[in-house]
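A.B. asks: What follows is each chain in one-letter form.
There are 2 protein chains.
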Amino acid sequence: MTNVREHVYEPFTEQSVLVYLEKKGLITDKEQVTCKEVGDGNLNYVFIVKDLQTDKSLVVKQALPYAKVVGESWPLSLDRARIERQALQEAAKYVPTLVPEVFDYDDDYAVTVMEDLSDHVILRKGLLEGNLYPHISEHIGTYLAENLFNASDEALGPIEKKKLARQFVNPDLCDITEKLVFTDPYQNAESNSYPENLQEAVESLWQDDRLIFEVAKLKKQFLTEGETLLHGDLHTGSVFVTEESTKVIDPEFAFYGPAGFDIGAFIANLTLNYIAQQERADESNRHEISDYLLETIEQTWAVFEKRYRELLLEKGFEERQRTDQYADYVLEKIWQDTLGFAGCKTIRRIIGLAHVEDIDGIEDETGRLQAQQRAIETGRSLIFNRSVWRSPKSLTAYLKGLAK
Amino acid sequence: MTNVREHVYEPFTEQSVLVYLEKKGLITDKEQVTCKEVGDGNLNYVFIVKDLQTDKSLVVKQALPYAKVVGESWPLSLDRARIERQALQEAAKYVPTLVPEVFDYDDDYAVTVMEDLSDHVILRKGLLEGNLYPHISEHIGTYLAENLFNASDEALGPIEKKKLARQFVNPDLCDITEKLVFTDPYQNAESNSYPENLQEAVESLWQDDRLIFEVAKLKKQFLTEGETLLHGDLHTGSVFVTEESTKVIDPEFAFYGPAGFDIGAFIANLTLNYIAQQERADESNRHEISDYLLETIEQTWAVFEKRYRELLLEKGFEERQRTDQYADYVLEKIWQDTLGFAGCKTIRRIIGLAHVEDIDGIEDETGRLQAQQRAIETGRSLIFNRSVWRSPKSLTAYLKGLAK
Chain A
702 MTNVREHVYE
712 PFTEQSVLVY
722 LEKKGLITDK
732 EQVTCKEVGD
742 GNLNYVFIVK
752 DLQTDKSLVV
762 KQALPYAKVV
772 GESWPLSLDR
782 ARIERQALQE
792 AAKYVPTLVP
802 EVFDYDDDYA
812 VTVMEDLSDH
822 VILRKGLLEG
832 NLYPHISEHI
842 GTYLAENLFN
852 ASDEALGPIE
862 KKKLARQFVN
872 PDLCDITEKL
882 VFTDPYQNAE
892 SNSYPENLQE
902 AVESLWQDDR
912 LIFEVAKLKK
922 QFLTEGETLL
932 HGDLHTGSVF
942 VTEESTKVID
952 PEFAFYGPAG
962 FDIGAFIANL
972 TLNYIAQQER
982 ADESNRHEIS
992 DYLLETIEQT
1002 WAVFEKRYRE
1012 LLLEKGFEER
1022 QRTDQYADYV
1032 LEKIWQDTLG
1042 FAGCKTIRRI
1052 IGLAHVEDID
1062 GIEDETGRLQ
1072 AQQRAIETGR
1082 SLIFNRSVWR
1092 SPKSLTAYLK
1102 GLAK
Chain B
702 MTNVREHVYE
712 PFTEQSVLVY
722 LEKKGLITDK
732 EQVTCKEVGD
742 GNLNYVFIVK
752 DLQTDKSLVV
762 KQALPYAKVV
772 GESWPLSLDR
782 ARIERQALQE
792 AAKYVPTLVP
802 EVFDYDDDYA
812 VTVMEDLSDH
822 VILRKGLLEG
832 NLYPHISEHI
842 GTYLAENLFN
852 ASDEALGPIE
862 KKKLARQFVN
872 PDLCDITEKL
882 VFTDPYQNAE
892 SNSYPENLQE
902 AVESLWQDDR
912 LIFEVAKLKK
922 QFLTEGETLL
932 HGDLHTGSVF
942 VTEESTKVID
952 PEFAFYGPAG
962 FDIGAFIANL
972 TLNYIAQQER
982 ADESNRHEIS
992 DYLLETIEQT
1002 WAVFEKRYRE
1012 LLLEKGFEER
1022 QRTDQYADYV
1032 LEKIWQDTLG
1042 FAGCKTIRRI
1052 IGLAHVEDID
1062 GIEDETGRLQ
1072 AQQRAIETGR
1082 SLIFNRSVWR
1092 SPKSLTAYLK
1102 GLAK
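As they're listed, the protein sequences go chains A and B.
Take the first sequence: its position 263, counting from 1, is numbered 964 in my numbering, and each next residue is one higher.
Take the second sequence: its position 393, counting from 1, is numbered 1094 in my numbering, and each next residue is one higher.
What the hints contain is simulated information worked out from the structure, not anything from laboratory work.
Note that the structure is predicted; figures quoted are calculated from it, not measured.
Watch out, some of these pointers could steer you wrong.
Claimed, not checked - Between beta-carbon pairs, the in silico distance windows are: (1) A/767 with B/793: 35 to 41 Å; (2) B/864 with A/982: 58 to 64 Å; (3) A/858 with B/1071: 52 to 58 Å; (4) A/1101 with B/1101: 56 to 62 Å.
Stated by the list, open to error - With a straight-line cut-off of 20 Å between C-alpha atoms, the simulated DMTMM-like cross-links for lysine to aspartate or glutamate are: (5) A/918 with B/1025; (6) A/751 with A/738; (7) B/880 with A/1033; (8) B/918 with A/1033; (9) A/864 with B/879; (10) A/880 with B/879; (11) A/918 with B/1029; (12) A/864 with B/1029.
Each residue gets a CB set at the ideal place from its N, CA and C atoms; glycine is no exception.
Use the sequences and the hints to build the structure in full.
C.D. replies: Shown next as structure tokens:
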């Protein structure tokens, strides 16, 4: 583990970051560049630095030693900057076109200097504007298969996997996920956040012992199953897109966990968007975008499943891993976990601390309540049916049943 | 991770270890002590140092940078001395009477100075001499429950468990287990070692695709399920006993893995001893020792199960973990894993590199072959029946069926 020398660290300003970049030789003349901090300042600073003469730009991301949540300050290790940077570098080995390029870094300052993606938009935002991105399932399915396979025991063998896993022990950030995804939404916790008119649905969930027990099992898996290096927070806000390009960003929650967690996070966020689309005011392309979302859920899994199997059969470390029987076993477990974690991720976005604009932005109050109730119900179905729904068709059939 | 400064390290001699101890202030006058190296020299040096005036003694254990196996040298990280020492210190927090006391250590020299247990005998040896140890199940059941619970997520919570797990990443030693327990016995590997007259049984095992697939699943669990801090090599050769005292030694294979692995290792070695007893020449106390072994298998689990449940219900980190429903779930998984791993541990001792005196020491060739075949068959049954045999009674009933 790299220890951040905290006495060196200080948060940059728009001015001091340029002094730093000049010293590092990353810009030649700080008088000829513009610099703008564009992060939300809750967890990180994000400076966009643009050279006025060449028009080239770069991003400087710096971790802050706390997270501002619900008005309070939650201390967070600066080491997460190293984890995020190394996770980006790991991903770049396998899918260099699907992550921002890392140009430089400095663990003492908790800083990563990387590709500016200002020409991209956040996928969540793009979907809410009614845009369809034709390559998303191909790109995210490939991203998932390449990363989740290539960091696994089956790819790396006994020594390298453990060395890599040790680099990605991430207690602080895992603690956030454990609290906000697996614990707090299932009890009357201070961090929860939901509208008054959802009180009844929420209390009924807190009394659902069967559900709470299933979530406890999923949490135990999250805590103990170090299968592969995860992104750790792969919602549609962690994906930058253009019509042609997809870039997965912000892997600061990266750690060795169960593969289905990343896939589940992505599918949950498509599911939330789908549920929201049924209630949103713009009916003109509701059918088109609904079909697109269901197709994207199915295809993301299909692309993942096909590529993961190819990689395992081709590059599996041991002969007995390079068999369809073993691949079936591994992929069936990943699929079940995907559904279970997708369920948890869906519910937490309604009851827990961090919401999504997809749902919260529904203007009509009745529609919003309906979407919230449906999201909770869908999350429950995903969790209960994780060993019953054998393919994405089961989930998309369920979602079709909710369509307007 | 502590890095051993390899330029400082050198293997001690019976002379130089005394110079070292004197410098450290652990002995006052090296002219007044005796020193004898008693290790087998394959992995570690073990020096017994005795003060002639006070009659007090201590053990200096030093890791060697290689393992001598089948005449070859297998390089091994010296860091395992730190891992072993820290595992002893962790265990001493919960069961100080069941492990040797650590007096001092020096990671640069890969050295631990600890309690001398020369008045104890190795449990395997004691059992082969026909001795019964009345406290073994109470002691080992307690050792297992306290250690396996107290290092788990349920005991330590989200932050501490991950920090501890990072200290016990143990690639080199896990690699040995993965090869010798889960891989090589199931294929025609150079490391295997078995008598010619077992060739047929061994080849039939290599063709048992169903078994090989189940072992691949168990290996995946061993690789990915970081439930708790294991001893990692808890056979009857890692237990020192007297009539009254039990001390678990040599946890250099310690790492975060599935809890059932340790319990399985212990039960497998009692099982091997039981199978061997049926063929050994001394019939005088065969019934008595057979009954004792079956009772010990049942009671070790019973003591473990009861104490683990108490600890979970009393000290579980979250309210929802402090329920019988959750305890049932966790303990049922541990039990299934115990059986599966016990099966692998039984088979490897017949076909793989490292054998046990219990079986190999059977003088009658026919009896020895019978025991070897039965051990393989028992291992297979343990693996196949791990979700069918609901309690130790199923295993002991099976073993009773083998009795003479």
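A.B. asks: Indicate, hint by hint, whether the structure satisfies it.
C.D. replies: Taking the hints in turn, this is what the structure says about them:
For residue 767 of chain A paired with residue 793 of chain B, a C-beta distance near 37 Å keeps the hint of 35 to 41 Å intact. Between residue 864 of chain B and residue 982 of chain A the C-beta distance comes to about 50 Å, which lies outside the given range of 58 to 64 Å. Range check, residue 858 of chain A to residue 1071 of chain B: Cβ separation about 38 Å, and the 52 to 58 Å hint is violated. Distance hint check: the CB atoms of residue 1101 of chain A and residue 1101 of chain B are about 57 Å apart, consistent with the given range 56 to 62 Å.
Between residue 918 of chain A and residue 1025 of chain B, the direct Cα distance comes to roughly 14 Å. Compliance with the 20 Å bound is thereby established for this hinted pair. Taking the CA atoms of residue 751 of chain A and residue 738 of chain A, the gap is about 12 Å. The hint holds against a cut of 20 Å. For the proposed pair residue 880 of chain B and residue 1033 of chain A, the alpha carbon gap of about 26 Å is over 20 Å, so the pair is violated. The straight-line distance between the Cα atoms of residue 918 of chain B and residue 1033 of chain A is roughly 13 Å, inside the 20 Å bound, and the hint therefore holds.
Distance restraint check for residue 864 of chain A and residue 879 of chain B: the Cα-Cα separation of roughly 16 Å lies within the 20 Å cut-off, and the hinted pair is therefore satisfied. Straight-line distance between C-alpha atoms of residue 880 of chain A and residue 879 of chain B comes to about 34 Å, which puts the hinted pair past the 20 Å bound. Simply put, residue 918 of chain A and residue 1029 of chain B have alpha-carbon atoms about 12 Å apart, close enough for the 20 Å limit, and the pair holds. The straight-line distance between the Cα atoms of residue 864 of chain A and residue 1029 of chain B is roughly 34 Å, outside the 20 Å bound, and the hint therefore fails.
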